[in-house]
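Trainee: Could you build the full structure based on these sequences and the hints that come with them?
Going down the list, the sequences are from chains C and W.
Each number in the working numbering comes from the position in the first sequence (counting from 1) with 11 added on.
Each number in the working numbering comes from the position in the second sequence (counting from 1) with 6 added on.
Hints are not guaranteed to be accurate.
Covered stretches of chain W (chain C as the covering partner; in silico rule of three or more C-beta atoms under 8 Å from a C-beta of chain C) [claimed, not checked]:
id	stretch
1	21-28
2	42-53
3	105-116
Output of the computed footprint for chain W on chain C, the stretches with three or more beta carbons under 8 Å from beta carbons of chain W [to be verified]:
id	stretch
4	39-45
5	121-131
In case anyone wonders, no lab produced these hints; they're calculated from the structure.
Computed from a prediction, not measured in an experiment: that's the story for all the values here.
For glycine and all other residues, C-beta sits at the position ideal for the given N, C-alpha and C.
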Amino acid sequence: MDDVFTDTHSTFIARTLSQFTHELNNHMAIIKESAGLIGDILAISEGDISSSQGQLMDIVHSIDGQVKTSTRLIGILNRFGHRMDSHCCLFNVNEALDEILSLTARLFTTKGVKIEADLDPALPRIVNASAILQLLCFTILFNMQQRLSKGSLITVRTAQLQAEGLVCIEILTIEKFMGNCETKDTYPKHVQQVIIDRLGAIVKYNEDEWEAVITLPLSRDKGV
Amino acid sequence: MQHLSVLVVDDENGFADILVQRLNIRGFMAHAVYGGQQAIDFVREDIPDVILLDVKMPLMSGIEVLRHIKQQYPSIAVIMLTGYSSLNDDQEALRLGAFDVLRKPPEIDVIVETLRLACKQNPA
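Mentor: Written out as structure tokens, the structure reads:
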């Protein structure tokens, strides 16, 4: 079972990195072309840039915006990597979710599926393995989007079950599914179960699997 | 060759818009659209000499657009632009009749040279 987990986690990291580098490369491409355009404008202005000053400032602002976006993405990837420093620690579930949705957004948008987050700002922090929780959420999202048509929406919600001292993550879609739950491209149930066991979580699917609810204890040691 | 018409198709609006400006400075008549279906709609109205087409786009991929263009308008030269696409995408694009596959971000001189070569070998 360790091999199954390691393989699944490695594939997840590879998928995340390929999406992230693609996204970052797009920002770099815009920065490179923007710098090139400044060079072009300077070359044709033959020293008199007074008439192009406004356009040049717009390009400089655009480069600044691209660098800010790229820096934000790099920060997210850095935090994603550091989640694997410690197996179990106190973390904010919303931040872990937000991170994985940002890093994998391109994978879903390329397939025409939009993901909307509705995260409870009052959610308490929990003690568990945040990297493994990200993996679990990704496998559920990935399996859902495999069965959705272009233009579909998946919603990710978080909430606290105060009486029980539990945290819930709800991943759902109101769209119609196409095809079977398990295909050669989806993460099989027995693989998901290995991940769920490592978290000490419970995952309940409704009929036809258009909704998954992950329930987590506030501390991994307490169990659900 | 100074007024070749070029359609730039890329879901990254910023990249497409700047590339269009740089090509127009160099004497091309370039236009940008930001999606596969938009590209197909555009070509229906105004056939360009060359299309610069991004491979990875949401809703309709560059490969799907290429397949459609080559079936309906085989005389249009298509150059694919790609970030880090898989080798399979490159091979599929060339098999479907793409003139070349350029890695993003390409040097502007490489784009200009490839556009000219594509038009020479594929005169409309």
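Trainee: Report the numbers of all earlier hints that the structure fails to satisfy, in ascending order.
Mentor: 2
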